[in-house]
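**Q** Protein sequences appear in the order of chains A and B. Under my numbering, the final residue of the first sequence carries the number 136; numbering is consecutive throughout. Under my numbering, the final residue of the second sequence carries the number 301; numbering is consecutive throughout.
Bear in mind the hints are in silico, worked out from the structure with no lab data behind them. Everything numeric in this text was worked out from a predicted model, so none of it was measured. Warning: the hint list may mix true and false statements.
[Claimed, not checked] List of simulated lysine-lysine pairs, DSS-like, C-alpha gap at most 27 Å: (1) B:Lys149 <-> B:Lys91; (2) B:Lys122 <-> A:Lys108; (3) A:Lys28 <-> B:Lys149; (4) B:Lys149 <-> A:Lys108; (5) A:Lys90 <-> A:Lys108; (6) A:Lys90 <-> A:Lys28; (7) A:Lys99 <-> B:Lys91; (8) A:Lys99 <-> A:Lys112; (9) A:Lys123 <-> A:Lys112; (10) B:Lys122 <-> B:Lys91; (11) A:Lys123 <-> A:Lys28; (12) B:Lys149 <-> A:Lys112; (13) B:Lys122 <-> A:Lys112; (14) B:Lys122 <-> A:Lys123; (15) A:Lys28 <-> A:Lys99; (16) A:Lys28 <-> A:Lys112; (17) A:Lys123 <-> A:Lys99; (18) B:Lys91 <-> A:Lys90.
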Amino acid sequence: MISKELAAASSRPLVLSILTRGEDYGYSIIQRVREASGGEVEWSEGMLYPVLHRLEREGLIRSNWKQADGGRRRKYYRLTPTGKRSLKVDREQWVCVHKTLTRLWGAQSCSS
Amino acid sequence: MFELEHAIEDWKRRFAQLDSVRGADVDELEVHLRDSILELASKGLIEEEAFCVAAGRLGAAAAVGREFEKINPGYAWVRRVFHWLASAPAFAFLNIIGFCAIAWMLESQIDELEREVRPLRAALDGQVVLEQRAFSPGPCNYLLPLNQYESFGEVVDAFESLVMNQYVAAGSYGTKWVLENQRGEVIPPKSRFASLGDAGILPGAVLRVAIVKDGRVLPDDR
């Protein structure tokens with residue numbers, strides 16, 4: 025399980041990365057983060073929404089309320105072109121940190 | 080006896096009371112809570128357990144509120160001022176100052192509002208005038224772009240979640256909303272329709288807002 029601080033710092037690239045696959049809503053974003061991390065990245069779920077709203081304010085994502093087929097009305101978020109560019113920069117920086125650490129430590133899986 | 084809908088209402092109220100959380104934010108959190116309850120119930124949890132686990136995963140209202148405040152400190156601050164104003168009804172002049180501030184705040188929040196609501200399906204290019212009857216020091220009309228809303232209920236919800244909730248919640252006041260179409264028919268507040276045009280609401284429709292206390296509409300002080 026990663027620390028609260030790291031979870032907060034990584035929330036932005038995680039959300040943006042998930043939205044590269046298409047629009048999505050809060051609950052589903054959390055499920056996908058959980059699946060992709062094998063349960064290692066767990067957020068206090070309510071904290072996702074201020075993050076989403078901040079990203080929207082920065083123009084990286086956009087939202088609209090929509091009713092999925094037969095389902096309940098949900099607020100869907102999608103990536104904007106600015107968001108895509110921002111993710112590219114984020115990605116370069118995270119890869120840089122990752123490479124540096126793996127060079128120093130040698131490759132390890134995140135659960136070890 | 081555990082009642083899921085009551086529990087959800089109580090839970091929503093705790094979030095709605097927070098200065099930094101808007102009505103639309105509470106709606107979004109509620110959708111999440113319900114999704115989570117459904118999934119937990121499908122894994123065999125009884126309703127009460129599913130609710131407790133889902134609410135726990137979302138986090139305590141105060142903690143979530145603090146995160147919302149970080150992204151929107153101005154909004155929380157303005158709401159606090161209104162709580163304070165509304166808690167001193169004896170100082171009528173403060174209420175008057177408060178409503179002038181509401182008018183100013185509403186204007187500054189309209190951009191935000193517009194992003195949060197869905198565009199009207201059958202777009203109608205007009206405006207609805209929100210006219211506040213009681214406690215208003217002169218022409219305190221609010222203009223909301225009608226074509227941003229899908230129903231009268233949404234117009235009211237948007238306005239209430241912005242301005243009126245904090246006033247009403249803090250004192251023993253309520254609000255009465257009256258929307259008349261151009262045929263002189265009163266549209267029920269929570270009615271939904273495919274388009275505002277279908278309900279006979281055309282550009283220039285007037286939505287009157289009055290403050291009610293103990294079920295009585297307070298007199299227009301103009």
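**Q** Checking one constraint from the list: CA of Lys149 of chain B to CA of Lys91 of chain B, max 27 Å. Satisfied?
**A** Given that 27 Å is the threshold and the Cα spacing comes to 20 Å, the pair holds.
**Q** Need the status of pair Lys91 of chain B, Lys90 of chain A: alpha-carbon distance at most 27 Å?
**A** Distance ~21 Å between Lys91 of chain B and Lys90 of chain A Cα, so the pair holds.
**Q** Does the alpha-carbon distance linking Lys122 of chain B and Lys123 of chain A stay inside the 27 Å limit?
**A** violated (40 Å)
**Q** What's the verdict on Lys122 of chain B and Lys108 of chain A, does the C-alpha distance respect the 27 Å limit or exceed it?
**A** violated (36 Å)
**Q** Assess, step by step, whether the Cα of Lys122 of chain B is no farther than 27 Å from the Cα of Lys91 of chain B, and give holds or violated.
**A** holds (24 Å)
**Q** For the pair supplied as a hint, Lys28 of chain A and Lys112 of chain A, confirm whether the alpha-carbon distance does not exceed 27 Å.
**A** holds (24 Å)
**Q** For Lys149 of chain B and Lys108 of chain A, compute the direct alpha-carbon distance and say whether it is at most 27 Å.
**A** With a Cα-Cα distance of about 24 Å, the restraint between Lys149 of chain B and Lys108 of chain A holds, given a limit of 27 Å.
**Q** For Lys99 of chain A and Lys91 of chain B, compute the direct alpha-carbon distance and say whether it is at most 27 Å.
**A** It holds: about 17 Å lies between the C-alpha atoms, which stays within 27 Å.
**Q** If you draw a straight line from the CA of Lys99 of chain A to the CA of Lys112 of chain A, is it 27 Å or shorter?
**A** Holds, at about 25 Å.
**Q** Does Lys112 of chain A sit within 27 Å of Lys122 of chain B, going by the straight-line distance between their CA atoms?
**A** violated (38 Å)
**Q** Are Lys90 of chain A and Lys108 of chain A close enough, with their CA atoms no more than 27 Å apart?
**A** holds (23 Å)
**Q** Sort out whether Lys28 of chain A lies within 27 Å of Lys123 of chain A, counting only the CA atoms.
**A** holds (22 Å)
Violated hints, in rising order: 2, 6, 13, 14, 17; the structure is consistent with all others.
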